[in-house]
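Using the sequences provided together with the hints, build the complete structure.
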Amino acid sequence: AEEARITIEQAGYKAITLYDVGVAGIHRLISKLKLLLEQQVDVIITIAGMEGALPSVVAGLVDMPVIAVPTSTGYGVGEKGFTALFSMLQSCAPGIATVNIDNGYGAAVYAITILNQIAKYK
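Residue numbering for the sequence shown follows this note's numbering, starting at 1 and increasing by one per position.
By construction, these hints were calculated from the structure, which means they are not laboratory data. Certain hints may be false.
Said to hold, decoys possible - Below, in silico cross-link-like pairs of lysine-lysine (BS3-like), each with a Cα-Cα straight-line distance of 25 angstroms or less:
#1 Lys-120 / Lys-14
#2 Lys-34 / Lys-14
#3 Lys-122 / Lys-14
#4 Lys-32 / Lys-14
#5 Lys-34 / Lys-122
This is how it looks when you write it as structure tokens:
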């Protein structure tokens, strides 16, 4: 998350970083999404390990691009981030772009590309 935040801020954009927001505690997710919507964010980067469900849930609840970053955290069949990666790639929720495992920098660069395009029309 910090890699993405720093990259976005270095490009001159504001980054809102939230932690411990997962689908296991869906009540935490809903309140954080409300905060992001109040701040009128244009793109959301989700970083998730284990089963990688967070981006699918977020994309189903918002009407903006969601960038999914699988992490290599987890245990058992999590297999160094591959389970999260496959889950994110297989998502049926619209509007998700998935980057490679632990690629917060790539997610940030893609978010910056989106934000630069939006800035042209604001």
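Query - Agreement of Lys-34 and Lys-122 with the hint, judged by alpha carbon distance not exceeding 25 angstroms - result: Satisfied, since the Cα-Cα distance of roughly 23 angstroms is no more than 25 angstroms.
Query raised in the report: Quick one, are Lys-34 and Lys-14 close enough, alpha carbons at most 25 angstroms?
Result: 17 angstroms, holds
Query raised in the report: Regarding the pair Lys-120 and Lys-14, is the alpha-carbon distance no greater than 25 angstroms?
Result: 17 angstroms, holds
Query raised in the report: Has the given pair, Lys-122 with Lys-14, been kept, meaning a C-alpha gap of at most 25 angstroms?
Result: 16 angstroms, holds
Query - Given hint Lys-14 paired with Lys-32 - CA-CA distance at most 25 angstroms - result: Given that 25 angstroms is the threshold and the Cα spacing comes to 17 angstroms, the pair holds.
The structure is consistent with each of the numbered hints, conforming to all of them.
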